[in-house]
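Spelled out from the first residue to the last, the chains are:
2 protein chains.
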Amino acid sequence: MSKSVRIALDAMGGDHGPSVVIPGAAHALSSRPDIQFLLFGDEAKLAPYLAQHAELAARSKVIHTDVAVAMHDKPSQALRRTRKSSSMWMAIEAVKNGEADVTVSAGNTGALMAMSTVCLRTMAGIERPAIACMWPTINGRAIVLDVGATIGADAQHLVDLAIMGSAMARIVLNIETPSVGLLNVGVEEIKGIEEVKAASRILREGKIPSLRYQGFVEGDDIGKGTVDVVVTEGFTGNIALKTAEGTAKQLATILKEGMQANLFTKLGYLLARSAFQNLKSKMDPSHVNGGVFLGLDGIVIKSHGGTDIRGFSNAVGIGFDMVRHQLMEKIRHSLAVADDRRITITDEMDAGA
Amino acid sequence: MSKSVRIALDAMGGDHGPSVVIPGAAHALSSRPDIQFLLFGDEAKLAPYLAQHAELAARSKVIHTDVAVAMHDKPSQALRRTRKSSSMWMAIEAVKNGEADVTVSAGNTGALMAMSTVCLRTMAGIERPAIACMWPTINGRAIVLDVGATIGADAQHLVDLAIMGSAMARIVLNIETPSVGLLNVGVEEIKGIEEVKAASRILREGKIPSLRYQGFVEGDDIGKGTVDVVVTEGFTGNIALKTAEGTAKQLATILKEGMQANLFTKLGYLLARSAFQNLKSKMDPSHVNGGVFLGLDGIVIKSHGGTDIRGFSNAVGIGFDMVRHQLMEKIRHSLAVADDRRITITDEMDAGA
Numbered sequence: 027m028s029k030s031v032r033i034a035l036d037a038m039g040g041d042h043g044p045s046v047v048i049p050g051a052a053h054a055l056s057s058r059p060d061i062q063f064l065l066f067g068d069e070a071k072l073a074p075y076l077a078q079h080a081e082l083a084a085r086s087k088v089i090h091t092d093v094a095v096a097m098h099d100k101p102s103q104a105l106r107r108t109r110k111s112s113s114m115w116m117a118i119e120a121v122k123n124g125e126a127d128v129t130v131s132a133g134n135t136g137a138l139m140a141m142s143t144v145c146l147r148t149m150a151g152i153e154r155p156a157i158a159c160m161w162p163t164i165n166g167r168a169i170v171l172d173v174g175a176t177i178g179a180d181a182q183h184l185v186d187l188a189i190m191g192s193a194m195a196r197i198v199l200n201i202e203t204p205s206v207g208l209l210n211v212g213v214e215e216i217k218g219i220e221e222v223k224a225a226s227r228i229l230r231e232g233k234i235p236s237l238r239y240q241g242f243v244e245g246d247d248i249g250k251g252t253v254d255v256v257v258t259e260g261f262t263g264n265i266a267l268k269t270a271e272g273t274a275k276q277l278a279t280i281l282k283e284g285m286q287a288n289l290f291t292k293l294g295y296l297l298a299r300s301a302f303q304n305l306k307s308k309m310d311p312s313h314v315n316g317g318v319f320l321g322l323d324g325i326v327i328k329s330h331g332g333t334d335i336r337g338f339s340n341a342v343g344i345g346f347d348m349v350r351h352q353l354m355e356k357i358r359h360s361l362a363v364a365d366d367r368r369i370t371i372t373d374e375m376d377a378g379a
Numbered sequence: 027m028s029k030s031v032r033i034a035l036d037a038m039g040g041d042h043g044p045s046v047v048i049p050g051a052a053h054a055l056s057s058r059p060d061i062q063f064l065l066f067g068d069e070a071k072l073a074p075y076l077a078q079h080a081e082l083a084a085r086s087k088v089i090h091t092d093v094a095v096a097m098h099d100k101p102s103q104a105l106r107r108t109r110k111s112s113s114m115w116m117a118i119e120a121v122k123n124g125e126a127d128v129t130v131s132a133g134n135t136g137a138l139m140a141m142s143t144v145c146l147r148t149m150a151g152i153e154r155p156a157i158a159c160m161w162p163t164i165n166g167r168a169i170v171l172d173v174g175a176t177i178g179a180d181a182q183h184l185v186d187l188a189i190m191g192s193a194m195a196r197i198v199l200n201i202e203t204p205s206v207g208l209l210n211v212g213v214e215e216i217k218g219i220e221e222v223k224a225a226s227r228i229l230r231e232g233k234i235p236s237l238r239y240q241g242f243v244e245g246d247d248i249g250k251g252t253v254d255v256v257v258t259e260g261f262t263g264n265i266a267l268k269t270a271e272g273t274a275k276q277l278a279t280i281l282k283e284g285m286q287a288n289l290f291t292k293l294g295y296l297l298a299r300s301a302f303q304n305l306k307s308k309m310d311p312s313h314v315n316g317g318v319f320l321g322l323d324g325i326v327i328k329s330h331g332g333t334d335i336r337g338f339s340n341a342v343g344i345g346f347d348m349v350r351h352q353l354m355e356k357i358r359h360s361l362a363v364a365d366d367r368r369i370t371i372t373d374e375m376d377a378g379a
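Line by line, the protein sequences give chains H and L. What the first sequence shows, in the working numbering, is residues 27 to 379, in sequence order. What the second sequence shows, in the working numbering, is residues 27 to 379, in sequence order.
For the record, the hints were derived by calculation from the structure and aren't laboratory data. There may be inaccurate statements among the hints.
Identical chains share a label here; the pair holds if one copy fits it or two copies do between them.
[Unchecked claim] Think about it this way: if two alpha-carbon atoms lie no more than 25 Å apart in a straight line, the pair counts; the simulated PhoX-like pairs of lysine-lysine are: (1) Lys110 / Lys100; (2) Lys122 / Lys356; (3) Lys275 / Lys110; (4) Lys122 / Lys29.
These numbers come from a predicted model, not from an experiment.
Input sequences plus hints: build the corresponding full structure.
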């Protein structure tokens, strides 16, 4: 039997703190009994919730701190004021020290990324971290990265994103050789920026064995599920993600208003409720909750700040899966193989082949 | 009474050519009797449609050419092979020669932009063209630009986009001083690329009187209608637009499937049909059909290639409005005033104020 997955939780993180984190962790534990938790936070505030979840309490060790990063803290402030002392930092440090396999936090994204980068550093061969998210598609899910860790990307960083995203897709989507697309614009001949074109050449020529490069994809291909992994730099990726979330909310709002218009529409809503539930289950953020920080020397999962118990439980589940299916090893292996190929290709070119 | 608006149509453009262009023009004319049309295309192919629309025929002059740009032609090919001779080129040239006030084409975007730029050139004070689109929001519409004319933008180009987009918003949204936001990412302190930050400073300090600068907005602000004009460079803008279109289609597909699931959902759909029609009317692309090319020395309207009669009619209507409400003059005036302010500010800085 495999050994327990050790998960460090920033128990104070998120809009709702322990009132969501503790029941969420308990929920995750109920279907994955081989987890051990390290809970970082204010002991007095955690106690009442732990009292309600005896099984979780039995599998947890609480490490007290009364310092927490606020949701509106600037990353630099958070680092300056609460480095070493906050529940967020301490949870990350547990991964660095080898006391935990993964950290999960619903705390503020900027602070979590800044602290993770300072504490864990980037892994060998990767210069900059990335945030990967799961994107609901018509037929399932896709991985999209980077959705906002860093701005701008050279060709090599885009290739690294492709490799790291594919490693994650192998775990999340259970596909041995995921298909990868580079996000680009559809206007012929002004197609994309130089970095995207150069990355496309590397991916096409490099024959990286851990992924199947499909070429350029456009914005509407993400939701169509044209590829398993969509690669773009953090500025565009963040705007694409927020735009999609905004559009989904906008449609829901307009539809809801229309459904409240009169007795017929209200009755229609009741009769067709299963269709709306189907839509909700396919698009619900809590089902795909959990951004994965990639490229760091350790695994950090970012849960939505405003998520509910089920959403936080899903984020914990993603962290569990990433450890159990060896995300770090998969990335390291893919990078090493890609590097070997790169060297081989360079050798061939030097030899005039 | 104001004089007629003279509209040059690329009658062969779009997926459906004259079968949509001619009835679409006729539909536009029915509510705007003071249009005169120049129809560029294959006379024999236009004749049967014109025969069905006597009023349009009476207000139109057909200029024959049997050369047309295909939807899949590369812009450079289209330019090389059909410059001077194609219905698309000739329609644009009519604006250049002063024979028409505006061109409307449903032809391929890349070719239309390339030909428009070569034929009309950019207007004084503007270095690069842009495509502005109308984006449905919860409460109305917003203008988003650039959605794909050029890739990348320096700060000055972003400021020019703000000025041109505001001039268009004054016409389309009928707001004297439109609010403007710069599209950016939400992660604190790594907020955005240098060009976006620099443009923000210019817009804030420049006090351009034709617009109300609101600061940064994120992807989900577009559909919320947070500002009237959303400014971004063409790569990000194109991806945001396609992503939103894709998300809307994705939701519609999932919902439609759900509504067909069983008798209850089918009946529910019938009862709640008005709610779906409400959604459709608010999000329907044909209602907001018509990308406006800005920054050229003449007005060119791009209709969706696959649009229907009503959609093409709307694109013609947008062209009409741009001429009637003097888009070019509004842009020139705003640029001149902005330049005056810029000079004043520079003078003050030189004087050590």
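Each hint tested on the structure:
1. Lys110 / Lys100: Within one copy only: 16 Å inside a chain, 58 Å across chains, cut-off 25 Å.
2. Lys122 / Lys356: Within. Shortest intra-copy distance 19 Å satisfies the 25 Å Cα cut-off; inter-copy 59 Å does not.
3. Lys275 / Lys110: neither (38 Å within a copy, 47 Å between copies)
4. Lys122 / Lys29: Only inside one copy: Lys122 and Lys29 sit 19 Å apart there, 75 Å across copies, limit 25 Å.
In summary, the structure is inconsistent with hint 3 from the numbered list given earlier, while agreeing with all the others.
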